[in-house]
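A.B. asks: Sequence:
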Amino acid sequence: MRYSHGNAVMLRARTLARRMAAASQRTLATRKPREKTYSIAGRTSGTTSMSQARDHTFRSDTPPSGGGHDTAPQPVEMLLAALIGCEGATADFVARMLRTKVLSIDFELEASRDPRGAAHLPIDEPAPAVSRLARISGLAHVTLDRPSTGRPSDDVQAADDALIAKLGALVHERCPVANMVVASGCELEVKWRRADPVVARRARQREYYRAKGGKETRRNYYDKVAKQRRLVDYQRKTGRTEPRRWSE
Numbered sequence: 001m002r003y004s005h006g007n008a009v010m011l012r013a014r015t016l017a018r019r020m021a022a023a024s025q026r027t028l029a030t031r032k033p034r035e036k037t038y039s040i041a042g043r044t045s046g047t048t049s050m051s052q053a054r055d056h057t058f059r060s061d062t063p064p065s066g067g068g069h070d071t072a073p074q075p076v077e078m079l080l081a082a083l084i085g086c087e088g089a090t091a092d093f094v095a096r097m098l099r100t101k102v103l104s105i106d107f108e109l110e111a112s113r114d115p116r117g118a119a120h121l122p123i124d125e126p127a128p129a130v131s132r133l134a135r136i137s138g139l140a141h142v143t144l145d146r147p148s149t150g151r152p153s154d155d156v157q158a159a160d161d162a163l164i165a166k167l168g169a170l171v172h173e174r175c176p177v178a179n180m181v182v183a184s185g186c187e188l189e190v191k192w193r194r195a196d197p198v199v200a201r202r203a204r205q206r207e208y209y210r211a212k213g214g215k216e217t218r219r220n221y222y223d224k225v226a227k228q229r230r231l232v233d234y235q236r237k238t239g240r241t242e243p244r245r246w247s248e
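The numbers in the numbering used here rise by one with no breaks, and the one at position 36 of the sequence shown is 36.
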C-alpha cells in the first residue's frame, strides 16, 4: 500500500500528538500540586478587631451581651458570610462546568452552638461541651438564567429542580469553607431549591439593569418581558418560529 506525502505528514503529526499527550499525562501524574495561599493581617482591641486583606478592610465586634459594643458583625456572623461568599463563587464555577448559568442565590442561614463550650467557668477546667458551631442550617434559593416568558412547564421545573440539587451537592463538596466546616464536626444542612417566581423575577431585573449599565428604567424592563411573552404566545398559536412581519 502506497502513501502519499500528505498521508505521511498526517501520520507523523498524529504520532507526535499521541506522544505529547502521553508525556503530558505523565507530567501531571508526577507533578506536585501547587497550593493556593491566603494572607491577612489584623489587630484586636478588646472585643473589636480590624483586618486587612489586600486592599480590603473589615471589622468585627460582639454585641453587649458578649462584652462588646455591636459596632460590626460578630466573628461567627463573618464566618457565615464567608460560607455564603465561598459557596456562591463555587456555584458560579460549577454552573459553568455544567453548561448553565446562575443569576443569583439568596441564602438564609442560621447557626447554633453550645455556649458552655466557650464560657464555662472556672476557665482552667475542661468545658462540658465543644466551643465550635454544632449546626449550620438554612435555604439557598437559586435563580437560573431562564427567559421570562411566563410559568415554565412541569418538565422544565423538574429538570431545574434536578439541576439545582446536583449543583448544591457539588458545591458542598467543592467549596473550601463548607469543606472546612464539615471537617470540624459541624452539621451543614443547607437545602438548595428553585427560587420563588417573585425572587427570580427581581433577580432577572437586577441582571438586566446590570447588563445595561443601570441606564434602563423599570418600565423598559417590563416592556421587554411583555414583548417576549407576546412573541411566545404568537409562536404557540401559529406554530411559526420566526417573528411576524409588519407587512403581514
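Just so you know, not all the hints are guaranteed correct.
[Unchecked claim] DSSO-like mimics (lysine-lysine), calculated; alpha carbons at most 30 Å apart, straight line:
no.	residue 1	residue 2
1	K191	K36
2	K191	K101
3	K36	K237
4	K101	K36
5	K166	K237
6	K191	K166
[Said to hold, decoys possible] Across the chosen pairs, the derived CB separations fall in these ranges:
no.	residue 1	residue 2	range
7	F58	K191	38 to 48 Å
8	A53	A8	18 to 28 Å
9	S45	A81	17 to 27 Å
10	G85	S112	50 to 60 Å
11	R14	R146	15 to 25 Å
12	H120	A159	22 to 32 Å
Honestly, the hints are just simulated from the structure, not real lab data. Quick reminder that beta carbons are idealized off the backbone N, C-alpha and C, glycines included.
A.B. asks: All hints are to be evaluated individually against the structure, with a verdict given for each.
C.D. replies: How the hints compare with the structure:
Taking the CA atoms of K191 and K36, the gap is about 29 Å. The hint holds against a cut of 30 Å. Of the supplied pair hints, the one linking K191 and K101 holds, its CA atoms being roughly 19 Å apart against a limit of 30 Å. Annotation: proposed proximity of K36 to K237 is violated, straight-line Cα distance about 56 Å (limit 30 Å). For a cut-off of 30 Å, the pair hint linking K101 to K36 stands: about 26 Å separates their Cα positions.
Taken as a hint, the K166 and K237 pair is broken in the structure, with Cα atoms around 35 Å apart against an allowance of 30 Å. With a C-alpha separation of about 11 Å, the suggested pair K191 and K166 falls inside the 30 Å cut-off, and the hint holds. Range check, F58 to K191: about 29 Å between beta-carbon atoms, so the 38 to 48 Å window is missed. Taking 18 to 28 Å as the suggested C-beta distance range, the pair A53 and A8 does not conform, at roughly 58 Å.
Judged by the Cβ atoms, the range 17 to 27 Å given for S45 and A81 holds: they are separated by roughly 22 Å. A beta carbon spacing of about 21 Å between G85 and S112 contradicts the range 50 to 60 Å that was offered as a hint. The hinted range of 15 to 25 Å is not satisfied by R14 and R146, whose Cβ atoms lie roughly 43 Å apart. Taking the beta carbon of each, H120 and A159 are about 51 Å apart, not inside 22 to 32 Å as hinted.
Hint violations for this structure: numbers 3, 5, 7, 8, 10, 11 and 12, all remaining hints satisfied.
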